[in-house]
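Undergrad: Chain by chain, the residues:
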Amino acid sequence: MTGSPLLDVEGLTVQYETGRGPVVVLEEVSLRVREGQSLGLVGESGSGKSTLALAILGLLPPGGRIRDGRIRFRDQDLGTLSKEEMRILRGDRIGMVFQDPLSALNPALPLGLQVAEPLIYHKGMTRQAAWREAEALLAKVGIPRPAEFARAYPHQLSGGMQQRGLIAAALACRPDLVILDEPTTALDVTIEAQILDLLEDLRRSDRLSLLFISHNLGVVYRICDEVCILYAGRVLEYGPTQEVFARPRHPYTKGLLASLPRLTGRAREARLTPIPGSFPDLAAPPPGCIFHPRCPFVDPRCMQEVQRLTTDRDGRLVRCCKAEAVADLPWPAPAARETPRAVAPPGDPLVRVTDLRKEFRLGGFWSSLRMQPEAGRLLPFTWRPSQVRAVDGVSFTIAPGEVLGLVGESGCGKSTLGRCLVRLMDASDGRIVIAGRDVTTATERDLRPARRIAQIIFQNPDSSLNPRKTVGQIVGRPLTVFGLASGAERERRVGELLEMVRLPRFYASRYPHQLSGGEKQRVGIARALATAPRFIVCDEPVTALDVSVQAAILNLLADLRDSLGLAYLFIAHDLSVVAHIADRVAVMYRGAFCEVGRVDEILHPPYHPYTQSLLSAIPVPGAGAAERQRIRLRGDPGTGGEPIRGCRFHPRCPRKIGAICEEVPPPVLEIAPGHQIACHLPVEELKAMEPAVVVAG
Amino acid sequence: MPSSLVWGAGIVITVLVVASLAPLLAPYRYDAIHLADRLKPPSRTYLLGTDEFGRDVLSRTLMGARLSLFAGFLATAVSLALGVPLGLVAGYARGRLDEFIMRAMDVVMSFPPILLGLLILAVTPPTIWKTAVTVGLVYVPALMRITRSVTLGLAQEEFIQAARARGERPLYILAAEILPNAWPPIIVEGSLRITFAILLGAALSFLGMGAQPPSSDWGLMISEARPFVDGAPWIALAPGLAMCLTVVGVNLLGDGLREVLDPRIAKRGRE
Amino acid sequence: MLAYVAKRLSYIVFILVLISILIFAITQVLPGNVARMILDQYATEESLRALEKKLGLNDPLPVQYWRWASTLLGGSLGTSLIMERPIAPLLWTALERSANLAILSLISVTIVGIGLGVLAAVWHNRLADHAISVFTFLGISVPEFFWGIVLMLVFSRYLGWLPASGYAPMSEGIGKWLSHLLVPAATLTFTLIAHVSRLTRSSMLEVLQSPYVRAARAKGLPERVVLIRHALRNGLLPTITVLALDLGWLIGGIVVVETIFAFPGFGRLLIFAIQRRDLPLIQASILVVTAVYCLANLVADLLYAYFDPRIRYGRASR
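Protein chains in written order, with my numbering: chain A, 1 to 697; chain B, 1001 to 1271; chain C, 2001 to 2318.
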C-alpha cells in the first residue's frame, strides 16, 4: 500500500433542504480507502451512510448539497470536476451496487444489456462485443448458463441472481473502487452467504477496493479490513476491523456489539443489552456529544463540548472525550432477570396443530388453462391451476408459557402458518386447537373466545398502527370490542398496558407518526396484551428494527413471557434472535419442518443439512469466524408450484444421497425425545456432522 | 399553504358567494325581456350588454352561476355517494363481489362520457337536475376505481390485519379503519371531478340536453349565442369566461388540496 | 402472453353484449312508453297503438332485445324511423367524415401532447416546465365549445382565412379538404393536448425518480441514453393507456365541435337523431361508436402487455 489512498474523503458535510429548514445529514466525515483494501461503513438507519455513497458519486437528490469538505479520488478533487467528467468516472472507475436489486434493474431491459451498457458507453465496445463480455462477467459472478440468463428479464430472476447481475454490471469496466450499499440486506441469509463468498473471491482475484456500507456487523466483519462507525452523520470510531470489534473504544460501538444477539444455548437465560433512548432528531441535534443522551458513561463535559475525532495511542480514531477513560470498560450489562421463569404445570398443550396445510392457487382463470390437444376431447384445453403449498402438513404443540421459535427463509411459509393460527387466513386442511377449542373452521362468533386468548404482533412498525388513531385509541380498542372495559376504567387499563411495555402513560394521546420504530412496536405489543391473551404469534417482531432497538424489544417480550406466563410462536429468519427467547425451535423449509428441537439441540450436531447451512451462513462478528465451516447451498429456494415428491430440500442439499431423496419423502427421525429431524441420512452420519458454529456455553 | 390552494380557494369562494347572492346582485331578472334594447353592447345600463331578447347578459350570467355550480356539485355528490361505498366494498371484499362490481363499472366506463349522458337524456325530457344526476352517474366508475385502489393498498396494511385478528366486523373496518385513511386521495379526485362535471354538464346543456330555455345555464347561453356571435360576441363571451374562471378556480383548489394532502404525489406533478 | 390475449378478447365480447343490453335498456325500458316519447305532441290513442304495433313494442322485453340484437348480428344496423332509410350507409358516411377529424386530431395530440409532457418532465421546475404547466392548465379548464367559438370567430369571421362550417371530401382537393378540418381539429386538439401532456409529465416524473434510473446514472451512462432507453421506454408505457382514454374524450369533443362547426359527421347525426327521437338511429350510432372505443382500449391493453416484459413473459422464475 503505497502512496495516497484511492478514495480520500475529508471533512465532508452534507445537508438537505427539508420542510423544516436545512438539516445536516453528514457532519465532517473523513475516511480513506486504500488500494486493494475494503472499508466498512457501519451505521443504523438514519446514520447517513447511503447519503455518503450518493455524495461520492455526485448523485445527491435535489435539495441535497455538499456544504463543506473534499472528496478526492486518485488525487483528483471530485468537486472540481465538471458534470461530464464526473459522469465518465461513474461506472468506469467507480462502480456502484445498490441495495434492492429488483428496483435497481430496469424491468423492461434484459439483464445482459444492463450489464453491457457500461462497456458500450465507457469502453466504446460494439454491442455484440459488449454482450459477449457481459456473458463472461455473468459467469464470473457465478450465474449458471450465462447466455440464457443474459437474455432474461429482471422479474424472471431470483433475488440472488439479480444481485449477482448488479455486481457484474458494477465490475464491467474493471473499476478501481466499488461502492456497495447494503448489497445483501434484501437477501436470505443463505443467499447472502453466497454473495459474500463471491465478493471475497473477487477481492482476491481482482484486487478490488471496496467501500462496503451495511448495518450488519457480522457481514462487515467478514469482508472489511477497516471499519468506520457512523452515527447520526458523524464518524464515532474508525480503525482496523478486528481490533475495533475486539476492543471497541467508543461507547456506541461497545453498545452496538453488546446488543447483538449471540448464538448460545443458554441465551434465553441471558438478557440482551439494548442501547436506551432513540435516534436524535437531526434537525435539532443535542448539544455537545451527539451520542450523550444514550451513553451510560456520560458526564457534564459530554453534554457541553462538541466532540472531535482524535487519534488515540493505537492509531484508532475515536470521537469521544472519555475514550481514554472508558477504553477497557465494557458496556454495562443489564441486571439479571428478576422474575424466575414460571414452570408450566404439565397438562394439555395450549396450542395443538395437526397436519396443517395451506394452499394458494396461482394465477387466475385464464392462466390456469393449459393447451392439451387430445383425440376424443371436445376442447383442446384442460383447466389445471398451479397450486403452491405454502404450508404442507405441519404438526406441533405449544405448552402454556412455552416459546416455540419458527425459523426459515423467505417463502418458507412461516408467516402463513402464523396467520392461520389466528385465523387471518383459513387453512386448507388440518386442525388447529387452541385451549381445547377447535378453531380451524369455526365461525366468527365461535371464534370470539379464541381471539381473546390468541393474539398477534406484526413485523412492520410503520404499518401495524392506524396513523389516524391515537395510541390510546389503538390500545383501548380491543378492550371495547371484547367488552372488557369502558370509560374511565378503560383509560386506566390503557395506562397500565403502556406501562407494561415501558412507555410513559402520556403517550396515550400521541399519534403513531410521533413515535420511533421501537416505540411503535411497543404499542403493537400493548395492543396485543389488552385482552390478557395466553398465546401470541410474534411475526418477525424485531426484523424491521435497528439492532440496538431489537435488544430492548426482545428483552421486553422475554420479560412479559416470564411475568404473564405467555406462550409465543416466535417467527423469525434469524436464528440468533430466536435463540434468545425460544425454548424450542422449528426450522422450516418450503412449507414443512425439517428439524424441531430445543435450542441447544438445534445449535449442535446432529443437524438437518438445512439447519447446518443456515447456521454456517450467519455472519457473526468475532474471533473464530474465519475458521468456521463454510457449508453452502446451491441455487435458490425457488417458488413452488411444482408438485413435490421426495424431500423438498433435495435440489439444494449438499448431503443429498441420491434418487431416494428425490422420490421418497424423508422419514422423521427421533434423535432424542422432542428432537426430530426429517432426513434420509442415517442417524450416525447426522451425529458425525461438523458443528456449524462455535457456540459459547 | 401552497399558493395554488390560496388562489383556488379564493376564486371558488368568490364564485360561490356570487352565485348564492346572485338574485340580490343581478340588476335585472334573468328572464326579463326588453325588446327595445336587443343585442346592445355593454353600456352603463347593461354592464355586459343584452342578448337577442334584450335580456341583461350580466344578470343571466350571475344566475347561471348558481345553476352550473350547483349542478356540478350535485353531480359530484352523486358520484361520491355511489362510487365510494362501491369502491370500499370492492377493494376490501375482493373475490367475486369485487369482480362483479368491476365488470359493472367497466360497462359504464366503456362509454365515452358524453355518449352515455346523451343516451340517458335522449329518452327523457331534460332538465338541469336530471342532467346533473346523469353526469354524476357517468363519473361513478372513476370515483369507484380510485376508492378501490386506495382500499386495496390499505387492506394490506398490518393494522387492518390486526383489526381482523380482533374479530372486527367488516363494516367497522371499512368505516373506522380504512375510510379515515382513504379520504385524502378521494377528496383530491373528487375535486377534479367537479370540474369535469361542470364542463360535461355545460356541454350537455350546450347540446340542448340540459337546462331548457329561458334558463340561463352557461352552456345553454353559449349555445343560444351562436347565431349572433360575430355581431354580438359578448353574449357568448360572458358565460364562457365565467365558466373558465370557475373551472380554473376549482382546478387550482384541487391542486392545492393535493399538495396539502399528499405532498409526495404533488411533487411528482399535477394529475 | 397468449393467455392474456385470450382473456382480453373473450372479455371484450362479454362487455359488448352487456353494452348492447344497457343501451337497449336505457332507450326502450327507461322512458316507460317509447311510443309516446317518439310521437311526443303528436300522440293520439290511435297513432300510439299504430306505432307500438309497428315497432313491436308489445312483445316481452327479452324478445324485443333479441330481435334487435339478431338484426345487428346479421349485419344490418336497422332502419331510421325518421328518414325511413337503412341506417348503415348513413352511419358509415358520417363516421368516415368524423374519422378525418379524429385522426388528424389524434396525430397532433400524440406528437405534441407526449412531446410537451416529456419536455416538461425533463426540464422539471424550470421555466419551460412552468410555461407548459400554465398552458396545459388553461387547456383543461376551458370548455371545448367555448374555445371552438372563439377560434371560429378569429379564423373565420375576423381573419377570414378558413371556412366556418361544412365539409369537403379529399376529392375536391387537399387544400379545401384541410381548410374545413383545421379549425374544428384545432379545437379538439387543444383540450386533449392539455390532458395528455399532463399525464405524460407525471408518468415521466415518476420514472425519472425511480431507483433504476438512478442506477443507470450511477453507471455513468450518457444522459440521453438514460433518458431514451431507460426513462422514456418505461415512462411512455402508461401513455398508451392515456391515448386510449383520449379517444373517449375525443368522441365527446367531436359531438360538440361538429355541432359548433356544422360539420356533417357522426356527432351531428347523433344530435339530429336525439332531437327527432329516432330510436333505432340513436341505438345504432351509440352502439357502434362505443364498440370502437372498446376496441381501441383493447388494442391499447394488448400493446401495453406487449411492451411490458412482466406481462409478456410471465413469471417464469429461475
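The hints are simulated quantities; they were obtained by calculation from the structure and are not laboratory data. Where a beta carbon is used, it is the ideal one built from N, C-alpha and C, also for glycine. Treat the hints loosely; a few may be bogus.
Unchecked claim - Residues from chain B that face chain A, not an exhaustive set, calculated with beta carbons under 7 Å: (1) Tyr-1028; (2) Asp-1031; (3) Asp-1037; (4) Pro-1041; (5) Glu-1157; (6) Arg-1164; (7) Ala-1165; (8) Arg-1166; (9) Gly-1167; (10) Asn-1181; (11) Gln-1212.
Said to hold, decoys possible - Which chain A residues stay away from chain B? Per the calculated CB distances, all over 12 Å, these: (12) Ala-454; (13) Pro-619; (14) Pro-667.
Undergrad: Grab the minimum beta-carbon distance between Ala-454 (chain A) and chain B and tell me whether it stays above 12 Å.
TA: The assertion about Ala-454 (chain A) is violated, with a minimum of 8 Å to chain B.
Undergrad: Does Gln-1212 (chain B) pass the interface check with chain A, least Cβ-Cβ distance below 7 Å?
TA: violated (46 Å)
Undergrad: Checking hints one by one. Is Tyr-1028 (chain B) an interface residue toward chain A, by the C-beta closer than 7 Å rule?
TA: Hint violated; Tyr-1028 (chain B) Cβ to chain A Cβ min 51 Å, cut 7 Å.
Undergrad: Find the nearest Cβ of chain B to the Cβ of Pro-667 (chain A) and say whether that gap is larger than 12 Å.
TA: holds (36 Å)
Undergrad: Have a go at the Glu-1157 (chain B) hint: is there a Cβ in chain A nearer than 7 Å to its own Cβ?
TA: holds (5 Å)
Undergrad: Could you let me know if the closest chain B CB is still more than 12 Å away from the CB of Pro-619 (chain A)?
TA: Label holds. Min Cβ-Cβ 29 Å, cutoff 12 Å.
Undergrad: Is the hint on Asp-1037 (chain B) kept, meaning its closest Cβ partner in chain A is under 7 Å away?
TA: violated (58 Å)
Undergrad: Taking the closest Cβ pair, is Pro-1041 (chain B) under 7 Å from chain A?
TA: violated (52 Å)
Undergrad: Let's test the interface hint: is any C-beta of chain A closer than 7 Å to that of Asp-1031 (chain B)?
TA: violated (50 Å)
Undergrad: Using 7 Å as the Cβ threshold, decide whether Arg-1166 (chain B) counts as touching chain A.
TA: With a minimum Cβ separation of about 5 Å from chain A (threshold 7 Å), the hint on Arg-1166 (chain B) holds.
Undergrad: Are Asn-1181 (chain B) and chain A close enough, Cβ to Cβ, to be under 7 Å, as the hint says?
TA: Cβ of Asn-1181 (chain B) sits 6 Å from chain A, so the hint holds.
Undergrad: Hey, does the Arg-1164 (chain B) contact hint survive, CB to chain A under 7 Å?
TA: holds (6 Å)
Of the numbered hints given earlier, the model fails hints 1, 2, 3, 4, 11, 12; all others are met.
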